[in-house]
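With the hints as extra help, turn the sequences into a complete structure.
Just so you know, the sequences run in chain order A and B. So that you can map any letter, position 122 of the first sequence is 122 in the numbering used here, and since no number is skipped, the others follow by simple counting. So that you can map any letter, position 102 of the second sequence is 102 in the numbering used here, and since no number is skipped, the others follow by simple counting.
Just so you know, these hints were derived from the structure itself, not from any lab. Every residue, glycine too, gets a C-beta built ideally from N, C-alpha and C. Possibly wrong hints are sitting among the right ones.
Computed Cβ-Cβ distance ranges for the label pairs, DEER-style [claimed, not checked]:
# : chain 1 : residue 1 : chain 2 : residue 2 : range
1 : B       : D145      : A       : K310      : 55 to 63 angstroms
2 : B       : Q82       : A       : R180      : 53 to 61 angstroms
3 : A       : K310      : B       : P277      : 24 to 32 angstroms
4 : B       : D275      : A       : A257      : 38 to 46 angstroms
5 : B       : E389      : A       : G317      : 16 to 24 angstroms
6 : B       : D351      : A       : A104      : 57 to 65 angstroms
7 : B       : Q354      : A       : A358      : 22 to 30 angstroms
To give a feel for the contact side, a few chain B residues facing chain A, derived at Cβ under 8 angstroms [to be verified]:
#  : residue
8  : D2
9  : G288
10 : R289
11 : M291
12 : A303
13 : L319
14 : K376
15 : I379
16 : M386
Lysine-lysine pairs mimicking DSSO-like chemistry, simulated, CA-CA at most 27 angstroms apart [claimed, not checked]:
#  : chain 1 : residue 1 : chain 2 : residue 2
17 : B       : K307      : A       : K10
18 : B       : K57       : B       : K307
19 : B       : K162      : B       : K37
20 : B       : K37       : B       : K57
21 : B       : K162      : B       : K109
22 : B       : K304      : A       : K10
If you want the building blocks of each chain, they are given just below.
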Amino acid sequence: MEFGLSDEQKMLQQSIGGYLQENGGLKRVRPFADEDQDRAEDLWTGFAELGIPGLLIAEEHGGLGFSMLDAALVAEVLGYNIAPAPFAASVVMVPLAIARAGSAEQQAAWLPKLADGSVIAGAALTEAVGAREGAGVQADGSTLNGKALFVIDFEADVYLVADDQRRLYLVEANAPGLQRQRLSTVDKTRRVGELIFDGTPADPLPNGDGVLTQIIDAGRIVLAADTLGAAQCMLDQAVAYSKVREQFGRVIGSFQAVKHLCAEMAAHLEPCRAMSWYAAHAYDNLPDEARLTALHTRAHIAEVAKEVAKKSTEVHGGVGFTDELGLHYWFKRINLSRQLLGGPDRVREEAAQLQGLA
Amino acid sequence: MDLSYGEKYETFRGTVREFVSANGQLAPDGSEETLDKARDWQHLLIENGYAARTIPKEYGGGGYAPDLIESRIIAEEFARAQVATGMAGQGISMLIPVLLERGSDEQRKQFIEPTLRGDFMWCQGYSEPNSGSDLASLSTRAVLDGDEWVVNGQKIWTSSAKTADWMFCLVRSEPDARKHHGISFLLISMDTPGLDVRPLKTMAGDSSFNEVFFTDVRVPKDQIVGNRGEGWAIANVVLKYERDSLGDPDISLRRLNALIELMKTETVNGERIIDNPVYRDRVMQLQGRVMALRFNDLRLLSAKINKQEAALATMIVKLQGTELRHELEGLAVDALGELGTLYEEGPYLRDNGQWMRDHLYFLGLIIGGGTNQIQKNIISERGLGMPREPRTV
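Given below as structure tokens:
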């Protein structure tokens, strides 16, 4: 019995963490945000060299064939370092959807390109969870009409799209009749946007029955892991700051008021680590528990991280509220992840429905 | 990541399950039980290796090598069948580990076996009226007079002092030493003249706590565990065992499931509580929190088995577990509304008043066993490496 990480998994986290310490973090996020870059091509190239784009893609298609747990561990590192790079859609949701629902031809056409990073994929699945502003996609044979909001990993070459019958399609970014428009959210570390379809040709994934739910759960698991990482970094920054900032002649970390804020953050966050591991492990290995753990992990970590983000900012005092330290990039990343693919309240209701309680 | 226990252990599980199903009817069931019934059950469990499993045979135990997975499986199977495990008083869970680690041969021979078999019941004499969180400031004095310690002072929050035969007790024996180094660990018979037990009624209405007064209580010199002045270090061995046992997530899960059942059966204006989205969301939030703590517990078990570090994950258990239970029991009271406030007896009482009783009881546990504020100090100082509050000298 071992509920923990293998040496390989620890090394995976370390190597990506090391790469991002060197090349990512605040110094890379600031130009990405301020100059409104579509993509951080340099980071994506680095990711491709590390094999990240092909993490979940089978070796026969040029990927690493890793597990959902590995993907969650990587997501945690990306969140910790607020990496301005595609992941949830391009590395997790879309490759999984193509592998599970796609034909042999579709797999052969897309998976190798996704694996080597030469193609980036976005996911337009928001309306399958909850539609606002009249959004929704209708299919007419193999053309699509309507619109999709809050497309994840928006600056992409191809999109996974769900129609209002929960069928899945691939739509290329340059397809005729497709309009794309970035949505400017509070989180400047990742790109989301809107797709408008007007008789847009789409390639249906033929074996899609039941796959959409699995793909949304996968997205939720890695968004939760990203959130865990971002919250952990906010806690670490708060603790580090409290050990150097002095007031009343002593470091503020020696005041119980500050210590208890940090202890509360740690007390809530530490079990989230085990929860994230378990949900990701269950996704691949424990079909009876997979759905419920994915839903609760998604909702619970979002709630914990919201508190951590607030308290960490408070520990930093006024400077935490300014742009000076860049702490707000973590705060806002946690905010966006909280809402994507259903906020915690909606996801808990789904958990209740799953158990026949609603 | 491998969550299976393996074939060898599944065979072991089968053996345990067989024993529980064949003998479970002999277990005390919590109602009207006599101490004799509990003792008989304890003896049967010891004989079969399901209590005192890893205690050496020479001290009356099973003599099995410690195996965390076996212990876990035993706990799981007894819980699954809702059959009581063996006795778990402070003597068994806290004193015996101390005696095994620090007791003399004589003390082990004299105390371990009768304690295991339920013949010696113990209480813990630590807290004092002026020494709660700052336990090391305790002032109950012990002065050596010939072959006896003479003890004077007062203890408080002493669970089971009324029924206990013995007390393990912290006393100040070295008044000139620094505070943590002036404490000794004594074993005191509750029959000793000069020892007076007075019940302390709690907000839950019971008198599970007591005050214990010592007036020239004479204790044989050799009833000290370890050396003079080592009592604090020895007590910390015990406190570790105490904290580990508070806030068990598997019990929280059982209570959560009972709460969900309650919300499915109770109605207001003909509407089931669970059909009200506000209550439903509150219970779903708790389900998520219970889940997180159960997985944390699984991580801790795995870390222990594989001898890995998980310090922070350990430190948070008492804090998070007790807060969660207080809230969980409180949600049941909210779900019951006015009915939730019924207590002790009456026509509309639900589940014998257990929800309110546990709601109150867990407020006690938030304070006891090291208050949750002290837990936050421990988490921030030892877990996060933050500086200690400057101390007055």
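Quick rundown of the hints versus the structure:
1. B:D145 - A:K310: 55 to 63 angstroms: holds (60 angstroms)
2. B:Q82 - A:R180: 53 to 61 angstroms: With Cβ atoms ~59 angstroms apart, the hint holds.
3. A:K310 - B:P277: 24 to 32 angstroms: holds (25 angstroms)
4. B:D275 - A:A257: 38 to 46 angstroms: holds (42 angstroms)
5. B:E389 - A:G317: 16 to 24 angstroms: holds (19 angstroms)
6. B:D351 - A:A104: 57 to 65 angstroms: Given about 58 angstroms between the Cβ atoms, the range holds.
7. B:Q354 - A:A358: 22 to 30 angstroms: holds (26 angstroms)
8. D2: holds (5 angstroms)
9. G288: holds (4 angstroms)
10. R289: Cβ of R289 (chain B) sits 7 angstroms from chain A, so the hint holds.
11. M291: Result: holds, 5 angstroms to nearest chain A Cβ.
12. A303: holds (7 angstroms)
13. L319: holds (5 angstroms)
14. K376: holds (4 angstroms)
15. I379: holds (4 angstroms)
16. M386: holds (4 angstroms)
17. B:K307 - A:K10: Distance of about 17 angstroms is within 27 angstroms: holds.
18. B:K57 - B:K307: holds (26 angstroms)
19. B:K162 - B:K37: holds (20 angstroms)
20. B:K37 - B:K57: Holds - the C-alpha atoms of K57 (chain B) and K37 (chain B) are around 23 angstroms apart, at most 27 angstroms.
21. B:K162 - B:K109: Answer holds: K162 (chain B) to K109 (chain B) is near 25 angstroms, not above 27 angstroms.
22. B:K304 - A:K10: Satisfied, since the Cα-Cα distance of roughly 19 angstroms is no more than 27 angstroms.
Of the hints listed earlier, there is not a single one the structure fails to meet.
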